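Let the hints inform the model, and build the full structure from the sequences given.
Numbering (our numbering), first residue to last: 55 to 484.
Quick caveat, the hints were computed from the structure, so don't treat them as lab data.
Quantities reported herein were computed from a predicted structural model and do not represent experimental measurements.
Where hints are given, some of them may not hold.
[Stated by the list, open to error] Now the in silico label distances, taken between C-beta atoms and shown as ranges:
{"#": "1", "residue 1": "Gly118", "residue 2": "Ser379", "range": "28 to 36 angstroms"}
{"#": "2", "residue 1": "Thr454", "residue 2": "Gly286", "range": "40 to 48 angstroms"}
{"#": "3", "residue 1": "Pro331", "residue 2": "Glu434", "range": "33 to 41 angstroms"}
Note that beta-carbon positions come from the ideal geometry of N, C-alpha and C, so glycine has one too.
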Amino acid sequence: MVRVRFAPSPTGFLHIGSARSALFNWLFARHEKGRFLLRIEDTDKVRSKSEFLDEILASLKWLGMDWDEEPVYQSKREELYKKAAEKLIKEGKAYKEGDAIRFRMPEKKIKVNDITRGEIKFDSEVLKDEVLIKSDGSPTYNFACVIDDADMKITHVIRGDDHISNTPKQIAIYEALGYAIPEFAHIPLILGPDGSRMSKRHGATSIMEYKKEGYLPDALVNFLALMGWSPGDDREILSKEELIKEFTLERINKTSAAFGIDKLNWLNGQYIKEKDPKALLELLLPVLRDKKIIGKDFDREKLLDLIELYKVRMKTLADFAEHVSVFYSDKIDFDEKGVKKHLKKKGAKKLLATWAKRLSGLSSFKKDILEENCRKLADELNVKPSGLIHPTRVAITGRTVGAGLFETMEVMGKDMVLTRLDYTIKNLAL
RNA sequence: GGCGCUAUCGUCUAGUCUGGCCUAGGACGUCAGCUUCUCAAGCUGAAGACACGGGUUCAAAUCCCGUUAGCGCUACCA
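Listed below in structure tokens is the structure:
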């Protein structure tokens, strides 16, 4: 049975790159109906922090990557590594150096058979005697990795490209220990938008950061899967189920991919557009509360209407808050250019006053009725409908752009619309 | 420096293993048009790439060699 692992070290948050490594392991395990395991590489006692571990685990859960079996903690298995190292000393394959133990690197060429790259040869002349156990008794990465992968019966090691040079060292250790060597698949790194090494300079790199900014986990997973892998046909939007069905290691790219936010934004918009409004509402509530747009009590139906209006207009959940704040707060940010163009115009005041009067007499504030009345009034006043629509939009939302005016008015409600028109007539229109 | 990996539109990629179906396909982005009360969405269209130089071959994006560029590793970090 296929057994793979994701082995983060809790010395930082889960970022885009390591999340993609985890994803490829997870996808492969689920595709092969194998096991996806977690190993916490916390041998660096100084840099490892439990907050980081919590965040990494929360990130994996959020992305929907579930793991099988209890996570393995390297910090709890020092005895295992020590025993293995001592066995190697006894066999003359390692030696003491102070309190540390060093591996005696055999002098021979080492071949790595990589699934994504084929055969890679290394001259062991360049391979040094690696430290196995550090002076403080903890194992080094390359040693613990081998011991644990063997102990956890890992069949495929799927990890970042940056580990290619570690692989011959690890293979030498496998051989010295007499362990079966797993398959290796090295995946290309994800680069920053400019093609250079991914770094904090490039903005949000931790997964939780993307959650905060309003990206949907499925969109992020879809996007990540497409970095360095493709289904082989023209599909761009793939559900988790489809990804699992199509995922094979053979289709992983050799070339590193630059992280481009544009496509993520597009994908996220696609996922939002397809999302059930009620489900979207649940996702939006925390965002709106966080931004103090709604409190404990809120009108569920109104929110659902707003979602209907703005779901095609948002790329992230955070965008929604921007769009709808004007429906909840009387503090309107008037767009200067819009005011100048549509309100600071001779006749605007009279036009809006007539319109407001007509509206106040309406018994129904449904969008069809509103539109009918608007067009009729425009006709009577001998102006184009747009001549009435644009000033009204600026008057009630402060902006020149947004959802359809009549839908907007209906959701906003008669009182608020009239109050705002009144304010505009008195203070802004000429 | 040494060792290793990689090289297709601005970006993500298909095609490379198994040479001909590739005057290189799709997506994002950009631009234009349609639609329209604006924006968005949607639809239609356009521009846009085989890093360079040598081979091999009837035929090369595809195979080989070199150059260049980028990246990784070169720790008692992981």
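Going through the hints against the structure:
no. : hint                                  : in the structure
1   : Gly118 <-> Ser379: 28 to 36 angstroms : holds, 31 angstroms
2   : Thr454 <-> Gly286: 40 to 48 angstroms : holds, 45 angstroms
3   : Pro331 <-> Glu434: 33 to 41 angstroms : holds, 37 angstroms
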